[in-house]
Amino acid sequence: MSGWPLKARIFAYGVSLVAAVLVVVSVSTLTWSQDSWRVVLALAAVSFVVPFAFGAQDVVMVAPVAIAAAVIGGPGPAAVVGASSAFTMLQRNLRGRFRTSAISAAFNTAQLTLSAWIAALAYEALQPVHQTDYASALSGVPARALAAVVVASLVYTLVNSSLFVIADRLTNGRTPGTLRLVLGAMPSEVVYCLLGAGMAVLWESVGAFAMFLAVLPLVVAQWAMRQYVDERDSYQATVRALVKTVETKDAYTRGHSERVAQACVLMGESLQLSQSRITALQYAGILHDIGKVGVSTTLLQKSGRLSEDEFQQVWLHPVRGHEIIKDIEFLREALVGILHHHERLDGRGYPMGLKGEEIPYFARVIAVADAFDSMTSTRSYRNARTVPEALDEIIQCRGSQFDPVMVDALVHALDRESWQVSDPPVTSSAISSADHDDPVYFGPLPGRGEGEK
Amino acid sequence: MTRTRGEVDEANSVLFLGVTAAAIGLLSLVVAVQQPLRQPNVVSAFFVLIVIGECVRVTLQGDVDAAPLGAAGSIAFALVYRYGHDGPTTFGAATVIAGTTVATFIGLVPHLVAGRAPAISSVSRRVIVTAALAIAFRPAFLPKAGHLTAKELTALFVVLVVFAQLLDLALGAVIDIARNRSAIGPALRNQIHGQGSMAVAVGSTGVLMALTAARLGPWALLIFAGPLLLVQFAFRRYSFIKRTYQQTIRSLSRMTEVAGLTETGHASRVSDLAVAVGRELRMNEQDLEALEYAALMHDLGQLSLPHSVYNGATVLAPLAEQQEIARLGAEIIRQTAVLDTVATFVEAQANPYRSRAGDAVEPPLGSRIIKAVNAYDDVVGDTRDSVARLRALEQLQMGIAYDYDPRVVDALDKVLSRSAQG
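One line per chain: the protein sequences are A and B, in this order.
With positions in the first sequence counted from 1, the corresponding number in my numbering is that position plus 158.
With positions in the second sequence counted from 1, the corresponding number in my numbering is that position plus 1.
It should be emphasised that the hints constitute simulated quantities derived from the structure, not laboratory data.
Please note that the accuracy of each hint is not assured.
Said to hold, decoys possible - Below 27 angstroms or equal to it, Euclidean Cα-Cα: the simulated BS3-like pairs (lysine-lysine) are:
{"hint": "1", "chain 1": "B", "residue 1": "K152", "chain 2": "A", "residue 2": "K402"}
{"hint": "2", "chain 1": "A", "residue 1": "K484", "chain 2": "A", "residue 2": "K513"}
{"hint": "3", "chain 1": "A", "residue 1": "K402", "chain 2": "A", "residue 2": "K513"}
{"hint": "4", "chain 1": "B", "residue 1": "K243", "chain 2": "A", "residue 2": "K484"}
Stated by the list, open to error - Chain A is nowhere near these chain B residues, computed Cβ spacing over 10 angstroms in every case:
{"hint": "5", "residue": "S183"}
{"hint": "6", "residue": "L217"}
{"hint": "7", "residue": "Y239"}
{"hint": "8", "residue": "T245"}
{"hint": "9", "residue": "E322"}
{"hint": "10", "residue": "T342"}
{"hint": "11", "residue": "D383"}
{"hint": "12", "residue": "S418"}
Predicted model only: the values in this text are computed from it and were never measured.
Quick reminder that beta carbons are idealized off the backbone N, C-alpha and C, glycines included.
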């Protein structure tokens, strides 16, 4: 969240102020005699030292530690432990790995403080005996003891994500939906709160130092997750860079794959596909023209109409693309999308002349995205059309060349999001290239479609 | 299918572990059934945990077989000294070992039904490590456990489990040594690097379960199973993306083949052979991975050339042109911003081992390997003809004075003659 508007600033500072007052009041109620200072110091140390030792960006320990504080000490200590996350943020900034502005740091700290405090209140309401020990509560009435922690942690997640969603809406105007955030975080949240309960029991039966032992599995989990995210990003960067090498063969199609991928993602969102299918669709978009590597450079740059033989070469590029990436398991669905992305609904496309529903779902998406980007990009033989012009043209082909559902998805997506058209190519050489994606230039195959299939 | 000597050695070492584990398991079963089963509800709780853990076993990248929940459960089973309302535990090491063995085998059944190969090495390691832990703890320390403070007990558990997990990694290293003929040091380092974090998560969870079971009984198992499942989930995703990455690089390396610039299968063959040579020369796992990728993508630069080179056989091209291809390839790979080592290997792949001026920097080992293996494959191709092989090697030997690193050519010779015997 960069560049906070005034409304968001007022909200963020307001929340921070409330949290600050809460912390001051809570600190004044802590006493040595009731152990509450020891609880706060030990748990704050865990939530600070563990991220410090393992990389603050990778490891966050606030949730289980806050639940443990709520169970052992109650609302006051929980609020103070939540506020101690400020140290982690400070350390993060000092190390320079993950910089946050003062206002985000203040707001995030306040968010965690309030979440921990309200969660502790919820726990207290359900489990009034928190000052005795959790182990006896659990062996006494297990259902009640467990319900208390689970509810407390749900409250924690709810408060935390609501505050985030409000701030996000005030800043960006769009909201990812509190419910989806809360539901998405649910499984790990339940794990965190049970771990918090486990920490409380260890505190009672072993002592403060066992807290560090308790968070070790979680540290490993978060570290491994970070490895996964790094590797995934690296994977994406690699695929993109390799696709670019194919595109550099032709100045006019530079960035085409990337934009088709983007249009595919937007359409996938309009079509309300699952996140994993949208990812697959994105890769299908990035890789859809990879088979062009098999089409010779001279052919791609040839001016004027292509001969029958040369058409044949161009028609083969989806097959070549399929051939290249057929062994990548996770692109199973993307694969058929790439093979058939030049099929037409009326059966006059290539390479197989499939008709209507025979054409795989992804292929129908890519076909529209592909034609749209081609038309809004400059070609040697024509200038780029504007977005409305291109859309008009695509709508005209609705039902003949393109699946109406996909055309509607694109229209819907462009209503929602703005589209960044491609920059005209900077090139001195007067190469003229027939764009095989352009429906105007590269129409239906002659004599194909009626009799076949 | 013929098997290489490494595969045979690996199979033998797995068999050895399996037989050892089976012997330990059977022996303890014989001992355990001679006395009535004490505290059946305690035993059955751990038994069920291990079965479940084994059922949700996943296969991870680099042949790491992971059933962390089962492993942590068996550690806790060996160490549990008190169990909630049931009070101090009284069963001995034999019960723990027999229980773990049987539970593990029951947990294997769903995997066998689904047609997956049984993870013999992983299961055997589990039984052996659990046996060591139970025998170290139960006879000597269990009677005294009631007199120790919670802190002393925790310290004792941590020490015992650290040794147990090191034993587990050492057993893994034994298989690694047999398969890749690596030395003990690198094999152990490899294990710690690849599986150390999982071992920490499993070990600490085992200790936590054993400690809290004293007060909580079965709830302890439930509470600490969660984080470990998160660990397993994260590792599985990581493993998935790793596999996808490898498949993708391997696939995209075929771009030059589809474009008709290089011979079919060239990149893949060079990569396999280069990794074998790198292993022979004891490169570490990260460098081996970079070498694999670099070898797969070593001809990528040809895509940026306006015309094709000698039908793709770069060994026949003049040095300057080879270096140009290498430079263009490295440029493409650098754009990823993440595969720096790979780009370095690709960039220097054409550079001669010794420069004529004598002042140039020696190319990195990965590049030297790619240079030699690429030259070899350009000459031999995919024939398995031994005459062609000898001729190609002879050519490389002649280039030792200037082009090729003699150590690399030597290792290539060894690898090739081994696969010829196999």
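Results of checking the hints against the structure:
{"no.": "1", "hint": "B:K152 - A:K402", "verdict": "violated, 60 angstroms"}
{"no.": "2", "hint": "A:K484 - A:K513", "verdict": "holds, 23 angstroms"}
{"no.": "3", "hint": "A:K402 - A:K513", "verdict": "violated, 32 angstroms"}
{"no.": "4", "hint": "B:K243 - A:K484", "verdict": "holds, 17 angstroms"}
{"no.": "5", "hint": "S183", "verdict": "holds, 23 angstroms"}
{"no.": "6", "hint": "L217", "verdict": "violated, 6 angstroms"}
{"no.": "7", "hint": "Y239", "verdict": "violated, 4 angstroms"}
{"no.": "8", "hint": "T245", "verdict": "violated, 5 angstroms"}
{"no.": "9", "hint": "E322", "verdict": "holds, 17 angstroms"}
{"no.": "10", "hint": "T342", "verdict": "holds, 12 angstroms"}
{"no.": "11", "hint": "D383", "verdict": "holds, 18 angstroms"}
{"no.": "12", "hint": "S418", "verdict": "holds, 30 angstroms"}
Taken one by one, the earlier hints fail for this structure at numbers 1, 3, 6, 7 and 8, listed in ascending order.
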